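S.K.: Sequence:
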Amino acid sequence: WTLGFFKERYGDVKCPVDTSGKKELMSLAAYIDQFEQYKDAAASDPIPYLRTWYFADDVPELVDDFTPPPLFHTSDAFRKLPEDLQPPFQWLFFGPAGTQSKLHVDIWETDAWLGMLEGEKTFTLYHPAQRKYLERELNEWTDLMAPPNMELYPEQHKAMPAQTLLRAGEIIYIPRKWPHHAVAQSASISLTLNFAPIVSKSNILAHLMPYVKNRGRCQMLLGRRLRAGDNLMQLCIHGGTIKYRDLQDVLGSKKEDEEDEEDEEDEEERAGEVGGGEEEKA
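With our numbering applied, the sequence shown corresponds to residues 1 to 282, in that order.
Everything labelled a hint here was simulated from the structure, so no lab data went into it.
Computed from a predicted structure; not experimentally measured.
Treat the hints with caution; some may be incorrect.
[Claimed, not checked] Here are the computed lysine-lysine pairs in the PhoX-like style, where the Cα-Cα straight-line distance is at most 20 Å:
1) Lys132 - Lys158
2) Lys39 - Lys7
3) Lys102 - Lys23
Produce the entire structure from the sequences given, and follow the hints as far as they go.
M.R.: Now the structure itself:
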């Protein structure tokens with residue numbers, strides 16, 4: 001799994017590349033070809049980043065191309081679920097030097113491991129007890145790539161980081177609830193999987209149970225498996241309770257719109273046939 005491999009094998013696959021929060025679909029080959037032009041970019045320059053790519057949606061065969069480390073997944077509560085209800089918490093990250101994942105805590109406060117496939121990244125992690133020095137409001141974090149903002153984060157200097165350089169072929173374990181930041185030191189690819197070890201099951205259940213119910217309802221009414229990138233999947237992961245009635249209303253409206261469009265097309269076809277007949281008679 002190198003940049004060359006992905007460019008050659010999957011270069012035509014369209015991926016959601018993020019630039020300062022704005023996503024644009026771009027072929028993987030075209031994106032990789034841009035890496036060189038960002039090599040000397042300033043820290044403040046926006047650099048396109050293919051982050052949290054749900055690769056299983058677009059190239060599902062890749063899922064069988066690697067084996068997650070058993071050390072992390074032996075007691076993984078997610079793996080106990082039916083396959084079509086397991087949270088889609090596996091992503092690939094591609095980017096040139098300078099691309100970063102800003103300071104954050106992982107989804108549902110899960111544990112995670114990240115494998116460096118190509119390139120190098122610097123990781124900065126903080127113990128959960130130091131979160132109060134780095135977070136102003138829920139998920140509003142200080143910017144580690146900018147000078148400290150003493151007005152918004154007056155106690156940031158009290159936070160003591162742990163830092164490491166992750167190289168190709170190495171794996172880092174990120175414990176639940178640990179704020180962390182990553183920045184690529186060179187063109188890179190990394191693979192991340194989040195998991196729920198048995199010791200954190202009680203904390204995860206508060207997120208997992210509504211997710212399973214919502215996803216099950218969505219899939220039952222849609223008659224198909226949800227893709228990781230579907231808007232409904234994101235609602236299942238991040239939203240509250242999705243009721244049958246709400247889904248039926250949405251899907252019913254969509255079906256009515258489709259039927260109206262089909263009726264309009266049929267009317268246009270019939271009108272065309274009538275008009276054609278009159279011209280022939282004339």
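S.K.: With reference to the structure, classify each hint as holding or not holding.
M.R.: Structure-based check of each hint:
no. : hint            : in the structure
1   : Lys132 - Lys158 : holds, 10 Å
2   : Lys39 - Lys7    : holds, 19 Å
3   : Lys102 - Lys23  : holds, 17 Å
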